[in-house]
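So you can see what is in the structure, the chains are spelled out below.
There are 2 protein chains.
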Amino acid sequence: MNKVNLSEKLSLIKDFWNPHIAGELNGQMVKLVKFKGPFVWHHHDNEDELFLVVKGSFVMEFRDKNVQINEGEFIIVPRGVEHRPNAPEEVEVVLFEPATTLNTGNTRNELTREKLEHI
Amino acid sequence: MNKVNLSEKLSLIKDFWNPHIAGELNGQMVKLVKFKGPFVWHHHDNEDELFLVVKGSFVMEFRDKNVQINEGEFIIVPRGVEHRPNAPEEVEVVLFEPATTLNTGNTRNELTREKLEHI
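Residue numbers (my numbering), protein chains in the order written: chain P, 2 to 120; chain W, 2 to 120.
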């Protein structure tokens with residue numbers, strides 16, 4: 002039952018698109034991640050996914066619209082919905098999602114992270 | 002799939018200890034709440050609970066220690082652990098917890114909120 006300081010933990014992350022586990026509760030995980038550039042189009046068959054911006058901003062691209070998520074804002078992407086995060090500049094993000102969630106969803110490629118580190 | 006601005010939504014909440022539902026995913030809820038003063042001692046039999054401070058700070062009291070949670074920090078209180086949030090000054094908080102969670106846990110009193118409003 003120690004507290005976690007988001008900015009302190011995020012400052013330890015040096016690479017992009019590599020979620021780190023900062024907490025776990027009720028089978029869900031709190032993950033910290035830095036985005037930069039465009040990710041890959043994907044969806045999650047069984048998991049809804051929450052993205053909360055701690056610092057900076059990014060665009061959540063959907064097939065029919067784009068939504069810019071700024072500092073202090075979150076968006077929930079329901080299971081099954083194709084999406085692609087795209088960050089013109091570096092952005093710090095908190096993810097809330099089930100422990101089972103794979104970062105690239107239904108796809109596997111060089112950005113896939115099978116085993117996440119704790120931070 | 003609309004984004005939610007935490008500060009904007011929190012500015013609409015005028016009372017204390019009354020969580021409002023700002024999002025739902027995977028059977029979990031994102032709730033926004035303002036604390037002021039001491040709450041009641043309680044625990045949750047089946048739910049772990051996350052508290053993230055958006056603005057201000059509060060003290061999470063446990064039977065054996067106190068932890069001050071500041072802006073940009075979170076704490077996870079595991080199920081079964083007695084706790085009491087105590088906010089000397091008004092504080093804005095995000096809760097992440099199962100949809101079934103009752104705010105006063107194993108107790109019922111004038112602070113219990115059975116039905117939560119969406120915001």
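Honestly, the hints are just simulated from the structure, not real lab data.
Treat the hints with care, as some may be off.
Some chain W residues flagged as far from chain P (calculated, every beta-carbon gap over 12 angstroms) [said to hold, decoys possible]:
no.: 1; residue: ASN3
no.: 2; residue: HIS43
no.: 3; residue: GLY73
The calculated SDA-like cross-link candidates involving lysine to any residue, where the alpha carbons are at most 20 angstroms apart (straight line), are [said to hold, decoys possible]:
no.: 4; chain 1: W; residue 1: LYS15; chain 2: W; residue 2: ASN87
no.: 5; chain 1: W; residue 1: LYS56; chain 2: P; residue 2: GLY73
no.: 6; chain 1: P; residue 1: LYS4; chain 2: W; residue 2: LYS15
no.: 7; chain 1: P; residue 1: LYS4; chain 2: W; residue 2: GLU48
no.: 8; chain 1: P; residue 1: LYS56; chain 2: P; residue 2: GLU90
no.: 9; chain 1: P; residue 1: LYS56; chain 2: W; residue 2: ASP65
no.: 10; chain 1: P; residue 1: LYS15; chain 2: P; residue 2: THR108
no.: 11; chain 1: W; residue 1: LYS56; chain 2: P; residue 2: GLY57
no.: 12; chain 1: P; residue 1: LYS56; chain 2: W; residue 2: GLU48
These numbers were taken from a predicted model, which means no experiment stands behind them.
The beta-carbon is built from N, C-alpha and C at its ideal position, and this holds for glycine as well.
Hint by hint, here is what the structure shows:
1. ASN3: violated (7 angstroms)
2. HIS43: Non-interface label stands for HIS43/W: nearest chain P Cβ at 15 angstroms, farther than 12 angstroms.
3. GLY73: Its Cβ does come within 12 angstroms of chain P, the nearest being 5 angstroms, so this is violated.
4. LYS15/W <-> ASN87/W: holds (18 angstroms)
5. LYS56/W <-> GLY73/P: holds (11 angstroms)
6. LYS4/P <-> LYS15/W: violated (27 angstroms)
7. LYS4/P <-> GLU48/W: holds (18 angstroms)
8. LYS56/P <-> GLU90/P: This hinted pair holds, its Cα atoms lying about 11 angstroms apart.
9. LYS56/P <-> ASP65/W: violated (34 angstroms)
10. LYS15/P <-> THR108/P: Distance of about 24 angstroms is beyond 20 angstroms: violated.
11. LYS56/W <-> GLY57/P: holds (18 angstroms)
12. LYS56/P <-> GLU48/W: At roughly 29 angstroms apart (the allowed maximum being 20 angstroms), GLU48/W and LYS56/P break the hint.
The structure fails hints 1, 3, 6, 9, 10 and 12 (numbered hints given earlier, in ascending order).
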